[in-house]
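Please work from the sequences and hints to get the whole structure.
Taking this note's numbering, the leading residue of the sequence shown gets 1, the next gets one more, and so forth.
No lab work stands behind these hints: they were computed from the structure.
These numbers were taken from a predicted model, which means no experiment stands behind them.
In this text, a Cβ means the ideal position worked out from N, Cα and C, and glycines have one as well.
Mixed in with the good hints there might be a few duds.
[Unchecked claim] FRET-style restraints, in silico, Cβ to Cβ: (1) Asn91 <-> Glu45: 35 to 41 Å; (2) His61 <-> Thr190: 34 to 40 Å; (3) Asp40 <-> Arg82: 31 to 37 Å; (4) His61 <-> Arg8: 26 to 32 Å; (5) Arg78 <-> Ser24: 42 to 48 Å; (6) Gln71 <-> Leu51: 27 to 33 Å; (7) Trp87 <-> Gln42: 24 to 30 Å; (8) Lys3 <-> Ser53: 25 to 31 Å; (9) Glu45 <-> Asp20: 18 to 24 Å; (10) Arg84 <-> Ser4: 17 to 23 Å; (11) Ser23 <-> Arg84: 20 to 26 Å; (12) Ser73 <-> Met1: 29 to 35 Å; (13) Glu55 <-> Ala89: 32 to 38 Å.
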Amino acid sequence: MMKSLTARYSPHEVKFLVVDLKSSRLLDAVDEDYLLRWEDQQGRERSGLILNSSELEIGVHAIANGMANRQASGEVTREQRRNRSWWRAGNLHLRRRLRDGEQRRPSVFAPLAPFWGSAEQVGVHSVVACPIAVANRCCPRGVADEAQQRRRAATLVMDGSKNMARSSPECGSPAPAGRGVLSFAGELQTIQTPVVPELENT
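Below is the structure:
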């Protein structure tokens, strides 16, 4: 997914925050030029490649601060809202691999909760790859509720396991690998994606 985005967009158009606490293949997924970079309060440069939980918390707060500057104010015109021209910067893509047994504070992504409902307008996108049971334990309820209430951001919940499994509580029944439920504009649709055998065990 990240490689397809780098093939379509330049480093000025898209930036990534890659959270890989297990040093997996995500480390080589994107070139350095595509990683998000910023200065912390001490003036030190920070990288968008997150390898430990303390860096993750710092990165999430940095994103939240940046997204706050992209929120539309009352001075934004209707035309600016249509073409999203009241701010100029690259889209940010957050990619995280979460594995069973990780003991992380579930509130780490809470600062981003207010932005999921307007994710398209502020230019932030997120994919968390993990077993659905882990997602249910680790994702803060406030994040899911925020996106669910606003119903403006597209949300896809699916199971990538090759074994039959329940994709999410909304599914109501077990689903085959690659099948998920897409929530968009208050409607639910079933989505089927291909399963890539080479990536099943990565």
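Hint by hint, here is what the structure shows:
1. Asn91 and Glu45 have their C-beta atoms about 21 Å apart, which leaves the hinted 35 to 41 Å range violated.
2. Roughly 36 Å separates the CB atoms of His61 and Thr190, a value that falls within the hinted 34 to 40 Å.
3. At roughly 35 Å, the beta-carbon separation of Asp40 and Arg82 lies within the given 31 to 37 Å, and the hint holds.
4. A hinted range of 26 to 32 Å holds for the C-beta pair His61 and Arg8, which are about 29 Å apart.
5. Against the hinted window of 42 to 48 Å, the Cβ-Cβ separation of Arg78 and Ser24 comes to about 45 Å, which satisfies the hint.
6. Range check, Gln71 to Leu51: Cβ separation about 30 Å, and the 27 to 33 Å hint holds.
7. Trp87 and Gln42 have their C-beta atoms about 26 Å apart, which keeps the hinted 24 to 30 Å range intact.
8. Roughly 26 Å separates the CB atoms of Lys3 and Ser53, a value that falls within the hinted 25 to 31 Å.
9. The beta-carbon spacing between Glu45 and Asp20, approximately 19 Å, falls within the hinted interval of 18 to 24 Å.
10. Against the hinted window of 17 to 23 Å, the Cβ-Cβ separation of Arg84 and Ser4 comes to about 22 Å, which satisfies the hint.
11. For the pair Ser23 and Arg84, the supplied restraint of 20 to 26 Å is violated, since their beta-carbon distance comes to about 36 Å.
12. For the hinted restraint 29 to 35 Å between Ser73 and Met1, the CB-CB distance of approximately 32 Å keeps it satisfied.
13. For the pair Glu55 and Ala89, the supplied restraint of 32 to 38 Å is violated, since their beta-carbon distance comes to about 22 Å.
In terms of the numbered hints stated before, the structure departs from hints 1, 11 and 13, listed from lowest to highest.
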